[in-house]
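*Asks:* Chain Z is fixed; fit chain G onto it per the hints.
2 protein chains.
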Amino acid sequence: MKKLNGGVCALEDVLASGLHAGFKQQKKDLGLLYFPKGVKVAGVFTKNAIQSHHIKYDQALLRQNHSFKAILTNSGNANTCNGVVGDETVLQMVNTLARTLKIQADEVLVCSTGVIGVPMNLNDFDKKCARLVCQLTKEDSLSAVEAMMTTDTFAKQLAYEFKVGNKTVKIAGITKGAGMIHPNLGTMLAYLVTDADLEQAQLHSLLKDVVGDSFNCLTVDGDTSPNDTVFLASTGKVKITWNDETLAGFYRGLLELSQELTRLMAKDGEGATKFVEVIVKCAQTHADALKIAKGVATSNLVKTALYGQDANWGRIISAIGQSQPEYLQADKIAIAFESEAGYVQVCKHGVGLPFDETQALAVMSEQSVTIIIDLGLGVSNSKVWTCDMSLDYIKINADYRS
Amino acid sequence: MKKLNGGVCALEDVLASGLHAGFKQQKKDLGLLYFPKGVKVAGVFTKNAIQSHHIKYDQALLRQNHSFKAILTNSGNANTCNGVVGDETVLQMVNTLARTLKIQADEVLVCSTGVIGVPMNLNDFDKKCARLVCQLTKEDSLSAVEAMMTTDTFAKQLAYEFKVGNKTVKIAGITKGAGMIHPNLGTMLAYLVTDADLEQAQLHSLLKDVVGDSFNCLTVDGDTSPNDTVFLASTGKVKITWNDETLAGFYRGLLELSQELTRLMAKDGEGATKFVEVIVKCAQTHADALKIAKGVATSNLVKTALYGQDANWGRIISAIGQSQPEYLQADKIAIAFESEAGYVQVCKHGVGLPFDETQALAVMSEQSVTIIIDLGLGVSNSKVWTCDMSLDYIKINADYRS
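Chains Z and G are the protein sequences, given in the same order.
Throughout the first sequence, residue numbering follows UniProt numbering, covering 1 to 402 in sequence.
Throughout the second sequence, residue numbering follows UniProt numbering, covering 1 to 402 in sequence.
Next comes chain Z alone, as it looks inside the complex:
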């Protein structure tokens, strides 16, 4: 996998722009991806029973399975729980952009993220769309990513080039994260684009698989957003003879991109001072491995101990028990912490091991810490990404109406 610059603009026939349209106080809040030659798109969406107005609209469009030319995103307002006005807002956004780009309205997908339950102000939206289209660039999708950000502290975009069979394909993605992040099947906003030629059904099947091992393995605060959306789009530029081998090769690239974007989101979790990877090994079933890794990664007590740089395995073993796995034997559990400063095992056979607190503090003080849990039962493993829970998490969320 060779890393490329420019985010999704690393692919040909992908243009991007972003600007301040007034949904937020001053930062960029309206972003556009434009595919002049059209793309096939698959999407997965939040399982929250409350859903943003854009979700039903996009789902219906995707079922029509035609070519799409634009993905429009605003931040600062989630356009969620706005009743009839919310649905009208989606239509007005889509129609205005389609007129400006001189494309069909049903070629535009739309996503919103931000405050829930406040109707959007679309005054002068035609002028804002005109500016947005004017500013489209082939160079870099950075401004479109910036326009997606809410409490994110850095822009998250990646692009790779790799071989599938004898062809070179590109794959790239942009995403936003930070808070209300506990994806459930669908996930936050993420747009992935490839030039490998794939039909919508293939895109959808690949996307569903990859989400389970990437975006769905992320938690910041245990709260699932009503707006979570991931799109996978193909420009179709590179024709490939698809067979088990080329599909598997493409899937590996897609997985690496998705996991790396997921890790970036964990690193930029609200208030995060640490990136944390929770690895569960030797579970009886994959479902148990994932349940336990997510349980540990979601525990406020584990996350505050990580913030306190405390090798507090008692809270970890309690969170393991709390996650109610189907198979668990307390006296087979082993727990260790690992970081660039070293490795320290703290629990074996379900019982505490004597360990050097100074060494443990050194391991826990690193910016990136791995918790390794060995259940000693079977052969199933899982990996979940999260961050610690800091004073800033509280400050951000006591202040921000989102």
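Be aware that a few hints might be false.
Each pair may be met inside one copy or between any two copies, as identical chains are not told apart.
[Claimed, not checked] No farther apart than 25 Å at their CA atoms in a straight line, the calculated lysine-lysine pairs in the DSS-like style are these: (1) Lys47 to Lys348; (2) Lys47 to Lys281; (3) Lys56 to Lys332; (4) Lys291 to Lys208; (5) Lys348 to Lys56; (6) Lys332 to Lys47; (7) Lys138 to Lys127; (8) Lys332 to Lys167.
Since the hints were made in silico from the structure, they are not lab data.
*Replies:* What follows is chain G alone, placed relative to chain Z:
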């Protein structure tokens, strides 16, 4: 219900004491309830798959269904995940106390709470037991409650007198809470005592019912402790002709005591600045009502908004959707906040209502705030108690190895 002083010592034949035995740095950490004439006892315990060493021991004793004379409690050390040593510790604690009190070892129940995974130091435990027995008093159980406390900031004990049929009975309880509080069938440490004469099977059936509407309706931080234990004991002093009516009368008293103790625990949640009641009305099923109330009460984003005194109903409706009820219609949901400063409805038909932010701030600024959610579907209701999530929650848990 007439309120009495003295905690569980408000009942005859109940003695209590508590002292500092060295499990904590300086505060009381070893407590005793002594019933010289014996009591019948029923217990419920945590559903965490990792369980403290005291739990299996107490469960086996309770199955023998004889009379019990003592409940011994230590704080500062959870005696959890200590392997064979942990089981031996339970036996040594029980045997030492039984010798000191000159009772049978199987008349002693024992509970621990505190740090997980550190073996207990029982040096000079016989001398500590001797002092504990020496200090037994009939006056007040306060010292025993203080010896149960971990991060609790005030002692929680209550006693009531009320009529069951033509008889006057007493019921009293002591409890500790503060952190790792998200009871699941069993719950934190709570000891309830009555003088109404009840067999163990009756006690157990009453306790199981009452826990579902009291202790299990509490969450502080979403983390279920491996040590949670509730006992209900009867001294048998007051003979009652039990029938549907007297049982229902007794149950009402038991429920009021248990709910009031639960509310005290929510008020003393780690770092709490606010007591919060979440009421769900008009759900299709009771299971949905409870799932939603717990989902809202457990959401970090709802709890940080409460700390920020922000009438942020968007986070509440998102938490409703996230809790995955069986029946939900977004366009029937209504949300309001209520406190001593007034009532403000913020959402109707699933859509935001214009509301006066100044009035809302006044409502949210009170120390006690109620969130009222009307699902508009059926006739099932539920009530859950929690607290807000403050900067102090993080400070407490980044500092304390528990």
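*Asks:* For each hint, tell me whether it holds in the structure or not.
*Replies:* Hint check results:
{"no.": "1", "hint": "Lys47 to Lys348", "result": "between (37 Å within a copy, 23 Å between copies)"}
{"no.": "2", "hint": "Lys47 to Lys281", "result": "between (27 Å within a copy, 23 Å between copies)"}
{"no.": "3", "hint": "Lys56 to Lys332", "result": "between (46 Å within a copy, 18 Å between copies)"}
{"no.": "4", "hint": "Lys291 to Lys208", "result": "within (19 Å within a copy, 28 Å between copies)"}
{"no.": "5", "hint": "Lys348 to Lys56", "result": "between (49 Å within a copy, 21 Å between copies)"}
{"no.": "6", "hint": "Lys332 to Lys47", "result": "between (35 Å within a copy, 19 Å between copies)"}
{"no.": "7", "hint": "Lys138 to Lys127", "result": "within (22 Å within a copy, 80 Å between copies)"}
{"no.": "8", "hint": "Lys332 to Lys167", "result": "neither (47 Å within a copy, 53 Å between copies)"}
Checked against the numbered hints given earlier, the structure breaks only hint 8 and satisfies all the rest.
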